[in-house]
Amino acid sequence: DSGVTQTPKHLITATGQRVTLRCSPRSGDLSVYWYQQSLDQGLQFLIQYYNGEERAKGNILERFSAQQFPDLHSELNLSSLELGDSALYFCASSEGGAGANVLTFGAGSRLTVL
Amino acid sequence: DAKTTQPNSMESNEEEPVHLPCNHSTISGTDYIHWYRQLPSQGPEYVIHGLTSNVNNRMASLAIAEDRKSSTLILHRATLRDAAVYYCILRRGDYKLSFGAGTTVTVRA
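Chains as they are written, first to last, in the numbering used here: chain E, 1 to 114; chain R, 1 to 109.
Please note that a few of the clues may not be correct.
Pairs of lysine-lysine, DSSO-like flavour, derived with a Cα cap of 30 Å [unchecked claim]:
| # | chain 1 | residue 1 | chain 2 | residue 2 |
| --- | --- | --- | --- | --- |
| 1 | R | K3 | R | K69 |
| 2 | E | K9 | R | K96 |
| 3 | R | K96 | R | K3 |
| 4 | E | K57 | E | K9 |
| 5 | E | K57 | R | K96 |
| 6 | R | K69 | E | K9 |
| 7 | R | K69 | R | K96 |
| 8 | R | K69 | E | K57 |
Partial list, derived from the structure: chain R residues whose beta carbon lies under 10 Å from chain E [said to hold, decoys possible]:
| # | residue |
| --- | --- |
| 9 | P7 |
| 10 | M10 |
| 11 | E11 |
| 12 | H34 |
| 13 | R91 |
| 14 | F99 |
Hints in this document: simulated from the structure, not taken from any laboratory.
Cβ coordinates follow ideal geometry from the N, Cα and C atoms, glycine included.
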């Protein structure tokens with residue numbers, strides 16, 4: 001157990017639907033990162049939050065949104081789902097955003113869009 | 001983004017050392033070099049990181065070139081459990097922290 005908790009582990013839904021993925025960071029970590037990993041692809045950076053504020057943004061689609069709450073958990077919302085959104089979504093956390101801070105990843109949420 | 005270049009794949013025999021190279025010619029002075037690995041069907045896990053000096057921990061060693069334009073992750077005695085994708089990334093603080101394709105390591109029994 002890495003200390004980063006992601007729910008749900010698996011999710012199957014239909015095109016056009018909306019889902020929410022949840023991440024609880026490791027105790028004491030203030031930064032949360034979201035990544036998408038499609039089949040046989042590398043990890044694509046989506047977005048980073050630090051203590052509730054957005055700090056960095058990657059190639060996150062407009063249909064996707066995220067936020068970090070006062071208790072530091074984060075949610076990634078995916079709407080108007082398409083087949084191509086099927087992927088593993090990983091959340092990671094770190095103490096802060098400094099270069100020396102190590103990322104701890106969760107086990108991921110596997111999204112299947114039918 | 002600060003880019004890193006890694007070989008697509010490497011093979012090793014069990015109990016032999018593995019040297020994984022990473023080129024990062026555009027590294028800046030504040031970039032830390034991080035290595036993570038991803039075992040099949042798991043989330044990535046931290047391996048090691050450093051700034052300028054070589055680093056050792058229980059999992060591996062990190063050798064950083066004097067000009068910092070390249071680094072090498074060293075697994076001293078590969079085991080079957082070390083078969084994974086290894087990612088070398090540069091981290092400079094709040095910035096798009098992207099992972100490339102990494103190096104797929106295969107360990108032969």
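Okay, the hints, checked on the actual structure:
no.: 1; hint: R:K3 / R:K69; verdict: holds (11 Å)
no.: 2; hint: E:K9 / R:K96; verdict: holds (25 Å)
no.: 3; hint: R:K96 / R:K3; verdict: holds (11 Å)
no.: 4; hint: E:K57 / E:K9; verdict: holds (24 Å)
no.: 5; hint: E:K57 / R:K96; verdict: holds (6 Å)
no.: 6; hint: R:K69 / E:K9; verdict: violated (39 Å)
no.: 7; hint: R:K69 / R:K96; verdict: holds (20 Å)
no.: 8; hint: R:K69 / E:K57; verdict: holds (26 Å)
no.: 9; hint: P7; verdict: violated (14 Å)
no.: 10; hint: M10; verdict: violated (17 Å)
no.: 11; hint: E11; verdict: violated (19 Å)
no.: 12; hint: H34; verdict: holds (7 Å)
no.: 13; hint: R91; verdict: holds (5 Å)
no.: 14; hint: F99; verdict: holds (4 Å)
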